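Chains as they are written, first to last, in my numbering: chain A, 68 to 555; chain B, 68 to 555.
It should be emphasised that the hints constitute simulated quantities derived from the structure, not laboratory data. Predicted model only: the values in this text are computed from it and were never measured. Check before you lean on any hint, since a few could be wrong.
The list makes no distinction among identical chains, and a pair is therefore deemed to hold if it is satisfied within one copy or across any two copies.
Computed cross-link-like contacts, DSS-like style, restricted to lysine-lysine with a CA-CA straight-line distance of at most 25 Å [what the hints assert, rightly or not]:
no., residue 1, residue 2
1, K224, K540
2, K316, K476
3, K359, K414
4, K149, K476
5, K167, K414
6, K167, K111
7, K491, K540
8, K149, K359
9, K167, K359
10, K188, K415
11, K491, K316
12, K540, K225
13, K188, K225
14, K415, K540
Protein chains: 2
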Amino acid sequence: MREWLVHIRRGEYSSLQTQIREALVSAILDGQLSREEPIPSTRKMAKTLGVSRNTVVLAYQGLLDDGYLMARERSGYYVADKALESVAVQKLTGKPKPVKDRVDWERRLTQSPAAQENVTKPLDWQSYEFPFIYGQVDHTLFPLAEWRDCARQALGKKWLGSWTNDTWASDDPLLVEQIRRRILPRRGIMANDDEILITLGAQNALYLLTSLLVDSSTRVAMEEPGYPDVRNIFRLRTNHVALAPVDEKGLTLGEALNSSQLVFTTPSHQFPTTVTMPLERRMELLRRASEKNFIIIEDDYEFETNYVNEPCPALKSLDDEGRVVYVGSLSKTLFPGLRLGFMVGPKKLIAEARALRRLMVRHAPNNNQRTAALFLSLGHHDTLIRRLHRAYRARWEVMGEALNTYMPKASRNPSFGGTSFWVKGPAHIDSDTLGRAAAVRGILIEPGRIDFGVQNPPRNFFRLAFSSIDEKKIEPGIRRLADVIAEQ
Amino acid sequence: MREWLVHIRRGEYSSLQTQIREALVSAILDGQLSREEPIPSTRKMAKTLGVSRNTVVLAYQGLLDDGYLMARERSGYYVADKALESVAVQKLTGKPKPVKDRVDWERRLTQSPAAQENVTKPLDWQSYEFPFIYGQVDHTLFPLAEWRDCARQALGKKWLGSWTNDTWASDDPLLVEQIRRRILPRRGIMANDDEILITLGAQNALYLLTSLLVDSSTRVAMEEPGYPDVRNIFRLRTNHVALAPVDEKGLTLGEALNSSQLVFTTPSHQFPTTVTMPLERRMELLRRASEKNFIIIEDDYEFETNYVNEPCPALKSLDDEGRVVYVGSLSKTLFPGLRLGFMVGPKKLIAEARALRRLMVRHAPNNNQRTAALFLSLGHHDTLIRRLHRAYRARWEVMGEALNTYMPKASRNPSFGGTSFWVKGPAHIDSDTLGRAAAVRGILIEPGRIDFGVQNPPRNFFRLAFSSIDEKKIEPGIRRLADVIAEQ
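Go ahead and model the full structure; you've got the sequences and the hints to work with.
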């Protein structure tokens, strides 16, 4: 028996049987097993690998059933002829010629999104001791068993049609219903089904709206500092992106807004400062929108996280002229890897967004839409929101105190919620440099330069999030970060 | 006990316990249960519903655990106070005012995708007796148990990070590896990981490429008849869409190509005629591309379905100048509701497409990427392809014979594969009218007018697909369709 054939790693993600199958399929399809030589008997394989023979028998049986192996009487198991039917045309046509890139791609590209600066975060953030990283999910708070149960139900035979089919421009009606009945009323929003569109995360909603409403002559305004991804989306379409400063009440209503046709804002917890826009300013913003005839995109991320007051109703719920398009996300409460969000707007606009989404991606994957619908309908989402609210509130308090204790000179905006603090460090600090120095000490922070759209942004701001860090880690993490700052 | 509280439907998709939970959660969150009145005891509820008491106890226990109910000693179960914490801000702010739409959306929209004509198919196609519908999946051929098993594994605790996290611009490395090792070699394509991008279906790949390579001055060419969705995408960006006629060898290499910077083609099985471009024309197309310096998008859908010859290697595998961008889909073999596809191209272009995808949707949902990667790595996808190939080949033969028998005067291009026939009906037929008349008789066909881009398209073409119809239904379906045609 060839030793390299199967390697078993105990404690691996997959079962032993799965590992044996995967290794044999791989060897067969890669042509590493000849058709003449029998593969090891189940007894021998079991002995070599030190696993129960039953495990090997089940793996072989699956491969027999699926036509990878065949059994010859008294002679054992062989690779089946038909298993190789589908292998590599490559062998017929020989090795591909080396490619000489003859196309001048620079000249062909009508836009270059890769040239834009983006937030970069390490994919292995979980290996840092103090991950003050933003926008990820804390696995200890997520009801994994309930989610898996809903996923299992959603993949059931009875619902086969609804998750396997291409449904073109349509959304899962069960999920639309849950959003309309469970999520929007909390924000004071009443909507009909044809005013709601499911998107691939809030990001996708913002991209669709920009594609529909912005061309090279459109003047848009957004908060400064503000959400860098939306600034990047705007800047791909127009050079007229006005930056409206943020104060302790959020977006300021200055000159920038008056000449704009479209205004982007995050009133619940301003991104990245987390300040909440009070009701009076919301009303004033709506009056201004009416007077100057602009449209507002309201990105209502993290609306569930107000620790001090009652949450303020969404701008959309106060809008009686149909000027506000509401963008929501399930990423902050479910998980961001799922890519599910939604937008609410006038029927006419939603119909156009739906047609464009059809061309862009068709629709969000149906299995995930159905799983989320079940999760919402069984009340798991509400339970999760309550749990997150309790945990985040506790972390918010601990972090607030730790910042007062260890960084008394760092200032920050008053905030009542969110999942992060926006910190203004000492003037001489460069938060990019600080971020690198902190990472070496096991601390992940989010340098704030990227959140500014101006040419020479201030460099001493940074963001500390608490959605993915254990409560007990917060105090020691802030203490250590203060040391790193002192060394700058 | 209020009778309306819980309705049990036996044979429903969900378990009885789930149905009880859902009904109670719904009543609580919608405010239909007062806090003063106890909810029925488990014994009473079980009796009223005619289900086992244990079922009710388990449902109630889950609601207690999750904070929806509370138990008061000797007095029974009540709605928990905290369950209502999160309910509707709406009640604080009163009923929303009626909205008067003050925005002239027509004037605001920079494009109007909803005005484009699109393929429309009934969502309830499964209720038709003879669904000759294209692009759906036959549930009887899909290995549901294996898919569910992979989904279960992908949602496992050990992989929690990889499916819950936002991974920004990255793809699941396991899926990229499977595409590189298992799928591309069959088409003769060798690629590095940074030359592969996972997309939300082939549709998303085409949208990304058009966004990057086409602006209002770009001249593009595509097949006529051809894929309507790609024509719609092109036409949103440019008015210069040249239509190159298709003959029995696919795309013709006439004048339209010479003045174009970008050419879209479906060489494996031309969409919608299903003709295969022979090797000689592929080589000639590549020579022309080099001479005239244009880029080719190769949409290689359904490459696995060649029933007569060996599959022809992909255009991409013959390209030694880096001019061909390859677009593939997992929709035709897995299921289209999953929305998974990929593109292969030069590193520079893929980096730009990745940056744009980040802004558009971030990435394909991670749970589905991981599930598909496992499904591929365990050989289930190869098994499925062999099964589909056998089933489709048999249906292709049956349908070919039925067409010869019942519609001897209808002509069609020679074809060797695909999942449909492209039929030219008698000259006086209008396939839109025919489609409606056929639907009344339980037959779904796809009228072909939409596949033409010219102003006054021929109206007597239609498509008959066999991917979603049982083999035994084909002959009687064609026979009945011939009757309907005779009545036109």
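How the hints compare with the structure:
Taking identical chains as interchangeable, the C-alpha atoms of K224 and K540 lie at most 25 Å apart only when they sit on different chains, with a minimum of 22 Å there against 45 Å within one chain. In the homo-oligomer, the alpha carbons of K316 and K476 lie at most 25 Å apart inside one protomer (22 Å), although the nearest pairing across protomers, at 75 Å, exceeds that limit. With identical chains, the CA atoms of K359 and K414 are at most 25 Å apart within one copy only, with a shortest distance of 23 Å there and 46 Å across copies. In this assembly of identical chains, K149 and K476 lie within 25 Å of each other by CA distance neither inside one copy nor across copies; the values are 72 Å within and 39 Å between.
In this assembly of identical chains, the alpha carbons of K167 and K414 lie at most 25 Å apart only when taken from different copies (13 Å versus 50 Å within one copy). Within a single copy, K167 and K111 get their C-alpha atoms no closer than 49 Å, and across copies no closer than 78 Å, so neither meets the 25 Å cut-off. For the identical chains of this complex, K491 and K540 are intra-copy neighbours only, at 22 Å inside a copy versus 71 Å across copies, given an alpha-carbon limit of 25 Å. Taking the closest pair of Cα atoms, K149 and K359 never come within 25 Å of each other, the shortest separation being 70 Å inside a single copy and 43 Å across copies.
Taking CA atoms no more than 25 Å apart as the test, K167 paired with K359 passes between copies only; the shortest distance there is 17 Å, against 55 Å inside one copy. Taking identical chains as interchangeable, the C-alpha atoms of K188 and K415 lie at most 25 Å apart only when they sit on different chains, with a minimum of 22 Å there against 38 Å within one chain. In this assembly of identical chains, K491 and K316 lie within 25 Å of each other by CA distance solely inside one copy; the values are 17 Å within and 66 Å between copies. Taking the closest pair of Cα atoms, K540 and K225 come within 25 Å of each other only across two copies (22 Å); inside a single copy the shortest separation is 46 Å, beyond that limit.
Taking identical chains as interchangeable, the C-alpha atoms of K188 and K225 lie at most 25 Å apart only when they sit on different chains, with a minimum of 22 Å there against 41 Å within one chain. Taking the closest pair of Cα atoms, K415 and K540 never come within 25 Å of each other, the shortest separation being 49 Å inside a single copy and 41 Å across copies.
Hint compliance for this structure: hints 4, 6, 8 and 14 are broken, all remaining hints hold.
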